[in-house]
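Spelled out, the chains give:
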Amino acid sequence: MGSREDVRLWLCRIVAIVMMVFAAVGIEVGRSETNSGFKKYLMTSYFEKYESLVDSNFQDFLGHVLHSGLCEVLPDNLRPVSKHSVLQRHLIGEGSHRHLSSSIRFDIDPKSIAQLPINYCEVLVVERLPAGVFADPFELQHLQQRGVFTDIAVFGDTNLELPSFRSNQSAVEIHMNVDPNIFQEKALEIKLQLPLHARYQPLDESGYSRIKFSDPDLFMRCCIKGKLQNQSCLFISTTDHAESKTEAAVWRIPSGIKAHSEIVSVVTFISAILSTLAIVWASIFCSDIKPGKSSKQS
Amino acid sequence: MITTNIRSLLRFSALLRVVLIIYGEWQDSHMEVRYTDVDYLVFSDAASLVASGQSPYQRTTYRYSPLLAFLLVPNSIIHHSWGKFLFSASDLLVGYFIHSILKLRKVPEDLCKYSVMVWLFNPFTFTIGTRGNCEPIVCAMILWIIICLMKGNVLQAAFWYGLVVHFRIYPIIYALPVILVLDPLFFQSGFKPKLLNWRLRQDKNAQSYSKMADQYGLWTPVKTIFAKERIVFALVSGAVFLSCTALFFYFYRWEFLHEALLYHLTRTDPRHNFSIYFYHIYLQHECEFSVVEKLISFLPQFVVQMVLIFRFGQDLPFCFFLQTVAFVAFNKVITAQYFVWFFCLLPLILPWTKMKLKWEGFICILVWMGAQTHWLLWGYLLEFKGKNVFLKLWLASLVFLAANTFILVMIIRRHNYSPVFEQLEAATLKNVVKLQ
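Taken in order, these protein sequences are the chains called A and B. Note that the numbering used here gives residue 129 to position 129 of the first sequence, counting from 1, and the numbers run on in steps of one. Going from the second sequence to the numbering used here is simple: count from 1 and add 298.
Just so you know, these hints were derived from the structure itself, not from any lab. Each statement offered as a hint is correct.
Which residues of chain B face chain A? A few of them, derived with a C-beta cut under 8 Å, are:
1. Tyr575
2. Tyr580
3. Val601
4. Val602
5. Leu606
6. Arg609
7. Leu680
8. Phe682
9. Gly684
10. Val707
11. Ile710
A short list of chain A residues far from chain B (calculated; beta carbon distances all over 10 Å):
12. Thr44
13. Ser103
14. Pro130
15. Glu185
16. Lys186
17. Glu189
18. Lys212
19. Leu218
Bear in mind that the values here come from a model prediction, so they are computed numbers and not experimental data. We treat Cβ as the ideally placed atom computed from N, Cα and C, and that holds for glycine.
Kindly produce the complete structure, drawing on both the sequences and the hints.
Right, dumping it as structure tokens:
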């Protein structure tokens with residue numbers, strides 16, 4: 001039995017060493033990201049210029065995005081997409097994990113679109129998340145792999161564990177492919193469901209925090225026929241934004257109540273002390289060991 | 299009851315785990331709720347980063363030793379379930395080690411089998427390995443350290459101890475009992491330590507037992523603190539721990555130090571968990587904790603550990619078990635995976651308990667599971683229904699601490715305290731000289 005044990009142990013050791021050698025040699029596995037000069041995400045450009053997600057900076061950025069050189073600019077007389085309106089926006093689910101559901105309609109001018117040599121288009125949605133919620137990048141990646149979105153990325157503060165008062169805002173940029181045939185219609189409707197999670201909120205007297213979601217910022221980017229991928233894109237901004245037809249989505253998240261603070265601390269420490277005393281008492285008086293003093297052997 | 303031997307038990311358990319891993323794969327790809335633990339995905343991502351030559355700490359929330367990422371590199375090469383098979387194999391190894399330890403202490407075969415079954419067929423145990431949690435590896439290392447000590451291999455025990463503390467910080471609590479047990483009365487260079495027979499557990503007048511009680515006064519450890527075995531153990535384990543730390547610091551710098559070590563020592567997670575401190579931490583998280591506050595919350599933990607070590611240190615597995623339960627119960631953060639740490643030690647103390655399953659054992663199990671379920675109910679209302687039940691959840695965690703205390707007190711009261719080692723006779727020394 002002893003020798004079998006030893007053999008097993010040696011086998012385990014050899015396997016462990018082989019594994020470590022494997023890792024040390026550094027076999028090249030893993031996905032490599034194609035690094036084209038083409039900026040996939042708008043928000044990458046934002047974060048090149050600014051440190052963190054602040055509303056005023058973002059408004060500046062939006063104003064300049066069309067002329068920032070990221071894409072070709074359309075001539076003024078062409079207005080392929082006249083306006084967009086948010087039809088519906090609400091939260092699905094209960095508790096700390098919910099889905100933000102949005103339904104958006106774009107009004108299209110088919111004549112303008114027909115003048116452009118478009119290959120395909122995608123809708124870019126930038127959701128600026130309020131401070132109390134976050135999106136899990138790994139969950140979103142999983143959704144992307146399942147084909148729910150074309151591309152999706154989270155920007156800003158992505159620390160999943162910090163409570164709300166310590167973290168900055170984050171933003172989610174979602175790309176969804178649009179079938180070019182749609183452009184023969186007069187309207188394009190897209191539906192989005194974004195999974196979100198609540199952070200621990202700052203303390204509140206009422207016991208709940210109310211988080212309001214602002215409307216998303218929308219763009220359309222199209223790839224022009226015949227040119228190389230990393231040079232030809234068109235930004236179509238939807239300059240006219242119709243008033244939202246629905247109420248803003250509001251999330252009610254439980255938060256701690258400051259009034260509890262003292263009593264919770266006191267009772268917690270008292271309980272810890274009581275438990276300690278119980279265990280110490282049991283160890284010293286109730287076990288069947290003889291007391292520690294040495295006595296002469298009888 | 300069919301008579302089975304340990305091999306069939308292990309084979310059956312292995313089969314069960316393979317089936318569960320395969321089922322887990324199916325559930326992951328066909329259902330919304332995953333079978334695999336989120337942590338396993340973290341390890342796998344870190345391992346694939348390592349395989350492509352990068353730092354595993356680029357993966358957020360990876361807070362373990364790089365060794366774990368190295369072990370899981372075959373996830374990217376062979377199959378992404380390699381890790382689960384590795385953890386389940388460690389799980390089975392733990393069962394095998396439990397059997398070895400009990401056999402070394404001369405426990406009868408059927409008691410051995412039942413004890414091993416308590417580990418192998420515990421639903422918590424077989425789900426934790428198959429879901430991809432790395433705790434079975436730590437448990438296997440701890441049990442192997444106990445075996446090494448029982449066989450007198452102090453060097454090997456020290457090596458694995460240094461490694462396990464590097465892997466997971468909590469085994470540092472076992473340092474003092476091990477040092478206490480490495481008494482020159484029990485350990486002499488040249489031959490194996492003598493183990494106290496299980497049959498003598500209730501015989502209070504046994505020669506060896508009373509002799510031990512006489513010799514073991516309060517000042518004995520102080521006098522022999524610089525015994526050879528103790529120094530060797532301390533130096534070797536310290537050296538192993540420091541070399542691992544230095545090696546990985548060389549590769550991964552401050553990120554490694556912060557994520558793998560410092561984070562665990564300064565962790566104050568305000569999110570809800572079983573610990574009684576969670577609500578206090580959440581209510582205070584907007585202000586920094588004062589040094590006094592930190593000391594006060596550390597004091598109960600410290601006092602309990604010290605009392606347990608000095609009272610029960612000679613019965614090593616029993617001491618480890620009590621320490622681990624107390625450590626988890628008084629910790630600032632308690633997650634369900636910490637329970638495995640003492641589940642692996644429970645079978646080692648069962649043959650010495652006076653508690654029968656009917657009804658004392660049953661009541662203990664019911665109280666513990668009941669307190670847990672009660673907490674989980676409130677946790678569900680908070681997290682999945684969005685109701686503000688913080689106060690009730692906190693009260694539930696106090697109830698859970700009370701349940702843990704109750705279990706500890708019951709087990710201490712109903713245990714046949716039985717030191718592992720016996721004093722080596724002077725006669726044995728003479729025999730060794732003859733052999734040589």
